[in-house]
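**Student:** Spelled out, the chains give:
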Amino acid sequence: MHQTKTEAPLLEVKGLKTGFNIDGQIYHAVDGVSFSVKSRQIVGIVGESGCGKSVMSMSVMKLLPVGVGEITDGEVVFQGNNIENLSESEMNKIRGKDVSMIFQEPMTALNPVFTIGFQLAEVLLNHFDISKQDARERCISLLQSVGISRPEKIVDEYPHQLSGGMRQRVMIAMAIACQPKLLIADEPTTALDVTVQAQILDLLKEIQEKNDMSVILITHDLGVVAEMCDEVIVMYAGKIVERTDVDTLFYNPKHPYTKMLLDSIPKMEEVEETLGSIEGIVPSLKNMPKVGCRFAERCPVATDECKRITPKLAEVASGHEVSCLLYKTSYPMEEVK
Amino acid sequence: MNQAMKERKDEVLLEVQNLKTYYPIKGGFFKRTVGNVKAVDDVSFEILKGETLGLVGESGCGKSTTGRTILRLTKPTDGKIIFDGKDITNLAGTTLRKIRQDFQMVFQDPYASLNPKQMVGDVVAEPIKNYYKKSSKELKPEIIELLKKVGLPEDAYYKYPHEFSGGQRQRIGIARALALRPKLIIADEPVSALDVSVQSQVLNLLKELQEEFDLTFLFIAHDLSVVKHMSDRIGVMYLGGIVEIADKNGLYAEPLHPYTKALISAIPYPDPRRKKERIILEGDVPSPANPPTGCPFHPRCAFATDECRAVKPALKEVKPGHRVACHLYNE
Numbered sequence: 003m004h005q006t007k008t009e010a011p012l013l014e015v016k017g018l019k020t021g022f023n024i025d026g027q028i029y030h031a032v033d034g035v036s037f038s039v040k041s042r043q044i045v046g047i048v049g050e051s052g053c054g055k056s057v058m059s060m061s062v063m064k065l066l067p068v069g070v071g072e073i074t075d076g077e078v079v080f081q082g083n084n085i086e087n088l089s090e091s092e093m094n095k096i097r098g099k100d101v102s103m104i105f106q107e108p109m110t111a112l113n114p115v116f117t118i119g120f121q122l123a124e125v126l127l128n129h130f131d132i133s134k135q136d137a138r139e140r141c142i143s144l145l146q147s148v149g150i151s152r153p154e155k156i157v158d159e160y161p162h163q164l165s166g167g168m169r170q171r172v173m174i175a176m177a178i179a180c181q182p183k184l185l186i187a188d189e190p191t192t193a194l195d196v197t198v199q200a201q202i203l204d205l206l207k208e209i210q211e212k213n214d215m216s217v218i219l220i221t222h223d224l225g226v227v228a229e230m231c232d233e234v235i236v237m238y239a240g241k242i243v244e245r246t247d248v249d250t251l252f253y254n255p256k257h258p259y260t261k262m263l264l265d266s267i268p269k270m271e272e273v274e275e276t277l278g279s280i281e282g283i284v285p286s287l288k289n290m291p292k293v294g295c296r297f298a299e300r301c302p303v304a305t306d307e308c309k310r311i312t313p314k315l316a317e318v319a320s321g322h323e324v325s326c327l328l329y330k331t332s333y334p335m336e337e338v339k
Numbered sequence: 010m011n012q013a014m015k016e017r018k019d020e021v022l023l024e025v026q027n028l029k030t031y032y033p034i035k036g037g038f039f040k041r042t043v044g045n046v047k048a049v050d051d052v053s054f055e056i057l058k059g060e061t062l063g064l065v066g067e068s069g070c071g072k073s074t075t076g077r078t079i080l081r082l083t084k085p086t087d088g089k090i091i092f093d094g095k096d097i098t099n100l101a102g103t104t105l106r107k108i109r110q111d112f113q114m115v116f117q118d119p120y121a122s123l124n125p126k127q128m129v130g131d132v133v134a135e136p137i138k139n140y141y142k143k144s145s146k147e148l149k150p151e152i153i154e155l156l157k158k159v160g161l162p163e164d165a166y167y168k169y170p171h172e173f174s175g176g177q178r179q180r181i182g183i184a185r186a187l188a189l190r191p192k193l194i195i196a197d198e199p200v201s202a203l204d205v206s207v208q209s210q211v212l213n214l215l216k217e218l219q220e221e222f223d224l225t226f227l228f229i230a231h232d233l234s235v236v237k238h239m240s241d242r243i244g245v246m247y248l249g250g251i252v253e254i255a256d257k258n259g260l261y262a263e264p265l266h267p268y269t270k271a272l273i274s275a276i277p278y279p280d281p282r283r284k285k286e287r288i289i290l291e292g293d294v295p296s297p298a299n300p301p302t303g304c305p306f307h308p309r310c311a312f313a314t315d316e317c318r319a320v321k322p323a324l325k326e327v328k329p330g331h332r333v334a335c336h337l338y339n340e
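Line by line, the protein sequences give chains A and B. To convert a position in the first sequence, counted from 1, into our numbering, add 2. To convert a position in the second sequence, counted from 1, into our numbering, add 9.
Think of the hints as simulated: they come from the structure by calculation, not from any bench. We put the CB at the ideal spot given by N, CA and C, even for glycine. Hints are supplied without guarantee of correctness; some may be wrong.
Said to hold, decoys possible - Quick partial rundown of chain B residues pointing at chain A, CB under 7 Å, derived from the structure:
1. HIS238
2. ILE276
3. CYS310
Said to hold, decoys possible - These stretches of chain B come out as covered by chain A in the derived footprint (C-beta under 8 Å, 3 or more residues):
4. 207-218
5. 277-287
This is chain A alone, in the form it adopts within the complex:
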């Protein structure tokens, strides 16, 4: 990747491989993923369930379950520091302060036995040297900034007293409490209704602009990607198949998987009798093909070569990377004739 080096990226992921130990064998849920996030950028990661998008975000936060999943190769560089070299206590200083995360399930991400105020203040008290009274004041203004009406009351309420949309607002308040530089939002609106989703997406964008924050938005909804993101990474079975800016993705997609994914969504303003669909399913971790393109089995334009040669992610145009043998650039070095 050749980028004009005006600014060092905030986050750089290089050749990341995350493996899970299943019955003594290591299987890679994320297999050689590289990308970078610049400051103030919203990067979308799209893919179907099981493509490794959530595992990747867990790897970046170093939140993988100990003894089960681990980073086996590659590195994650955040603000110039390789997180592999950081101890758990150093990581704790970064988590919540410089990088924070919003999870999919607002119903389960909050602790039901503590008040909203207690859980919010915990973040602040952990990272700043302030009194409890100050923390409470800050909590109230935070709740206000995420659009919660009557924050003075909500502070003392428990999660079950709030609706799904309100809980997700609280999660966002918690995530932005320390004004992080990077926010990882893992399916932040999937569990919400459309009208509430619209509120939350608007809020996220507003905060991102106000705080000059970078966001990694993990989602399966291409509509959300189109509205929110600057850059998009499409993942399939643990690998990046395409990476480009949002406009190119929707108007000039190159990878067959991306094209078919775009075809398979019903569109409001078009009348289609049958939707495009992708036959078959994502191969499971244990049945992942060892060589060749991982999409080959479901790909309508796959050739014998696709099953033999593993394509590499390479630029087809400036800022547009694709991993598919339809494009010469994707042939690995030794195969180029």
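Keeping the supplied structure of chain A fixed, place chain B upon it in accordance with the hints.
**Tutor:** Okay, now just chain B, sitting in the frame of chain A:
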């Protein structure tokens, strides 16, 4: 709409009149009824033969309860359900059992709606065995034919649900619903648990089967673009009632109710070049146990007047085939 359907356009398969389903809230020492959750509150519509009626709405709007009440899985509090000319509202026992052959359901969660201990062949054969004295052996060719129809391999017959992916399980659920050759299928969020690429497979399958088996669908979902793709007419529900009902093109080209407008504008559209005006609704859906007075939508509506706060608007036809419940369209 195909030709055959046009000819039978006036044949109504299902008619729902002023349907109400209330769930009592028990409280106090003697567990007396202290209130009602008005899950479905005065809903009327009809479904023509061969047509697909979509019901959309956000969680808690009563769309699933409507579906369940029509199947008589829940007892209606008031109103009438007329299926194929027969009033089935108060049927019970064997008469209800008999009529139930004609309507089947496809459920939302393909992981919870199949018995994990049952072989797929038995899962699909069960509805038939319920009504006819036939052995598994007799039924086997028919079941395998059904499995093939829904796009499953023949050897699926001997497998168990856990051996299948979500999309394939949903196909099993569809095969089971088809087993008795019903007239009406109620599909309650049949694709919301599936990935987009798999979702489109199942949607296409449902459309194909509708042609082949001459089915009528009540399609319940929260995703407007999915509902639009599947339905001929669409009803929009809010807090237990239908606020707007029209044919799909009319509804999308010219939504009348402020809620429908907001709902349509809230859908993230997969086109980054489109900058659209979005109507953001304030707040959440109120609790159906304690609905607001007047129009249930008035606390979130930008056009609410005193009349809206006091009087609940009735569903009125404002254009041919386009009915809306809103005071803005009073003459």
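**Student:** List, from low to high, the hint numbers that the structure doesn't satisfy.
**Tutor:** 3
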